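> For reference, the chains in residue letters:
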Amino acid sequence: MSRTTEPSSAGAAPSGRGSAEQVRVLVADDHPMWRDAVARDLEDAGFDVVGIADDGPSAVRRTIATRPDVLVLDLNLPGLRGDEVCVALAEAALPTRVLILSASAEQQDVLEAVKSGASGYLVKSAAREEFIDAVHATAAGKAVFTPGLAGLVLGEFRRLAASPSAPTSDPALQLTPRETEVLLLVATGLSYKEIATELFISHRTVQNHVQSTLNKLQLHNRVQLVRYALAHGLDAPQPPQG
Amino acid sequence: MSRAATAAGAADRGRGSALEFALDRGVDTYRVLSWLYAVVMVWHRLGDFHRPLVALAVVLVLGLWTVFVLLLRRRTWPLLAVELALACAGILLTRVADSPENIAAGATTLPATWAASPVMGCAVLGGWRGGLAAALVVGAADILEVGAPTEGTVYNLVLLLLIGGCLGWCVDVARRGQRALDEAMRVRAEIAERDRLARSIHDGVLQNLAFIHRRGQQLGGPSADLADLAAESERELRDLVQGRRGAGQGRSATLGAGAGTPESSAPASPAAGAAGAAAVGTGDADLGRLLAASGSARVSVAAPAQPVLLEAGRAQELALAVRAALDNVTKHAGPDAKAWVLIEDLGTDVTVTVRDDGVGCTPQRLAEAKDAGRLGVSQSICGRVADLGGTANVRSTPGRGTTVVLTVPLVAPPQREERP
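Here the protein sequences line up with chains A and E, keeping their order. Read left to right, the first sequence gives residues 1 to 242 (my numbering). Read left to right, the second sequence gives residues 1 to 420 (my numbering).
Extracted from the complex, chain E is given alone in its bound form (with noise of 0.2 Å):
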């Protein structure tokens, strides 16, 4: 067993969860009752052994070890450990307790059954390698025991192997869904709190910055410069309110996992293969609130009020495009352009429009912009949105502003065509 291993295993411990200690309880029950199976074999056999008085002293230490286990809470590996030596032991000492005639004919073990105890409980501690391997030690003192393993002893190895290795693999299940249970009691705690937060921040602060807002420009002068600086703080601090929120929305309100996982296996794409990695594991993300994120006192957000999900990385390379767009539109819409951005959520497909008023320009030069490989509409939007399997439109007049409309299906296509 790995020091790592043994280290998460102690850490689960230390949580003490309500699952291990009930487990801890089953393999306490078994050993008790497994002990009492070992004296009455070992009592109705007591004529039959060479050595009676080794089989007593020993049936007599693995009962004293099972009241002692019985007094702990907590299971360790170096009390495991020893549990594993006594059982060995036991089966060792055998040996010396019985006839090889007996031995050799399959006569029981003394501890019998109450060697399995160790590997439940390895497997509990240690999951399905914990109870392997412990299995694999009793089985070894087993051989050893017999000599030339017999009919009995193999049929014995094979139970011990399917009670670690079963019992541990029930127990790695079990955990991981516990800590999913732990990780989403978490979240909710922490949802409540931000919520809590978030409403007293919209009582006192957010109400404070929109009042200094106000008073602000009335005053005019210099104060209008404070006003402005306000309306900032108000904005960024209502954004981190929001965000958070959606934070929470968004992964408590996550679609089927894999939803946007392509049937086929293999990626038409390097892009497309991108898009499936992050798929595994990260859940959707809500293009609103992602896109949240770029509002601003000149950039305007609509969005629906429900999360507009897509698979993560997906939400992140629209939302990329986006930025794209905005950035245009702070490089070449003038100083004074203002934008808007709006999602649609059409079912099956996602809109975003990106529309600015500022200076605009001629369709042609577009055209030449496109064709020279400027304004970033080619790459950064254009690329991004049809690798997406989405399309781009970009329209503008001169001194109209530039609206961008970018539409991407919500859910991978399964198979794609090479981009030329």
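The shape of chain A in the complex, shown without the other chains (with noise of 0.2 Å):
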């Protein structure tokens, strides 16, 4: 994984509510140390940090109870799995981004948080500095994409294309081939500066189409969920309230 090529393209300066007052910030992570040293990193660089919690089921109830701007999560939690608390916290529909930070990188399960509704993926030997801007991105509603990430969704966009079950005539579900254009180059490491060159369009509207393939990804994910629901007959109306 790359941990080099973010910061130009996620570190746009912090925009909208993240100038307008303090970002407010929950970090999940097991790990005492790493835990206290990202929470104080945090703390210097102007954010709020609201809370920490060790494990997965305390991550999304103090999640709950503090509602802040950016969850900062680890991946590997004891309790929940980082897809499992992405779930918890989609269904508490919680304003909060979530970023997942990673130190073992497992591809399969950094897709399913992502398709899980995580806005964001940054490896743990990311450079300080890189996940600041990271987190300052994720406050904004910025995607975090690392080229690896990126591979991840192009991959699982061609794996649902391929899929005899996907719903694939839906175009809000499809790719455009801009946006395949867009991940490609974001894989093959370049920022989003060197691709708004590249393709002659705004860094702005590179940021839009990354959003949009994330957007479409977890929109895909929500749609196989109720397709699943359907077909196993969990449509049942619910009795009427009195």
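FYI, nobody ran anything at the bench for these hints, they're computed from the structure. Quantities reported herein were computed from a predicted structural model and do not represent experimental measurements. Here a beta-carbon is modelled for each residue, glycine too, at the ideal position from N, C-alpha and C. Where hints are given, some of them may not hold.
[What the hints assert, rightly or not] Derived, one-sided and incomplete: chain E residues facing chain A with beta-carbon distance under 7 Å:
#1 207
#2 210
#3 212
#4 231
#5 232
#6 300
#7 302
#8 367
Mind assembling these two chains? They're in different frames, but the hints should get you there.
This is the structure we're talking about:
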């Protein structure tokens, strides 16, 4: 995984709510030294660390209780996997955005977490500045993509397109040629700025394309869950509330 | 029976598989029933015998042996040799016990069907070779006993050969299946153990290394060197953990055997022949896992989450072509150049993109280098890819790095023209 390509892309100046008020962050990691170091770095960088959690269930509980802007989530917490935490948070309909940090970069796990709603992913070996930039970007609602994640997302769309059960006819779930092109360039290490130059589009448009691929992937995942529910008769109407 | 086969048989017995135990129980049952049959036959014809006492003695010895074998758990070659000798002796003693007229008229031998039990025993222990060999020995004794083979003798010999050969063949097949099952169970246990190790490594060592890297970088100065060292160790360890996990997945998720073997048996070129040979028995390999080994602080590898499966030989060749492209980056792109590898599974083709942010070069220079056979582009990359039935595309702009795109069919094309 690269740890050097992201700063120029994700490291846009904090914008929107990020600059207007302090960004509130919750750190979930089972490694105490790492967790404290991350929390200290975030505080030094001007973030408001509203809490820490050392396992999956407490990460979900404290995120629901504190409603932070960003949850910095270790992929392999005891108790719940990263994607399970993301699912639990999505069910609670929180505004919190999830940035996945992972030491081992287990590919399938990263993909599952991103499909379940995480908006970014970074390896733990990333530099401090890169990490701070990524938290800013996540708070601003931008997807944080490494080349590795872009390769995973690209591969997942290819798999879905080849799978007979996928609702491929729906254009809302398919990548546009431009989005595929942008993902390809991200996956081969170009920064958003370089991609903008290469494709004669604005940095903002590149960002939007990347964000859109992530949205489609997550939408795809929800569509599949609904299909599964329908296929298994889980759509029985709820009894009317008295 | 060769010593090697004996040793192999003994080793199998040592493992005491449930399969052989069950087969031995079957042979034991046959031995008891056929002995009872021999008793009935001898008792029935006791008056006809020349020397009834010899006949009774033979049946008694065979009975004692039958009971003795029942008490033993293991069937060994010495044991079977004794049983075979007893059967032959019983057959030959028929000449002593019975009158020559009866024998010539086709009377049954004293052991009767009991003589087939050592044949079965040898088939269980030694496969079809053991079964046939024992059948021939018993058959030879039968012929010796009669002198001039009668129709019945030939008939018996054929039956013996059929029993020994067929049972032995079935045992061979079943044993191979058993081995495959054992191997699969072993691999599964290994994967489970590796997963467990990977998890504990993640929780402990990787975290610590990442932490050292982070703190070292913040402290700066000489600590930054330590930080780099920790980062490098972390990366290597992570690759190791992932590679091992990938190995297990790759092996358990192979496509149908021989998916990469062309329909036509005549290979179009030596390279195709080599690829076909590699397909036999080696199965498929995950390209993502092969290329993950190329990752480093300067090389990022991006791949789909699912394994990208190619027939092992083809995957290896493609990985070598990618490595050649990465070598070029090291040699020509400049000291600070980084490289990115992207693997895409396009359904029928696999595309590997190798991009670097190095000094690059003009298209003219690229063409010149190709003509001069330099850059490694012509043979180690393009040649390999062409042998795999694919294409290589090299783009370069001065100051903006070089991009190599390799596209190769996942499955070997059935027929290809000779490469010019």
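> List in ascending order the numbers of the hints, as given earlier, that are violated by the structure.
Of the numbered hints given earlier, those the structure breaks are 3, 5 and 8, listed in rising order.
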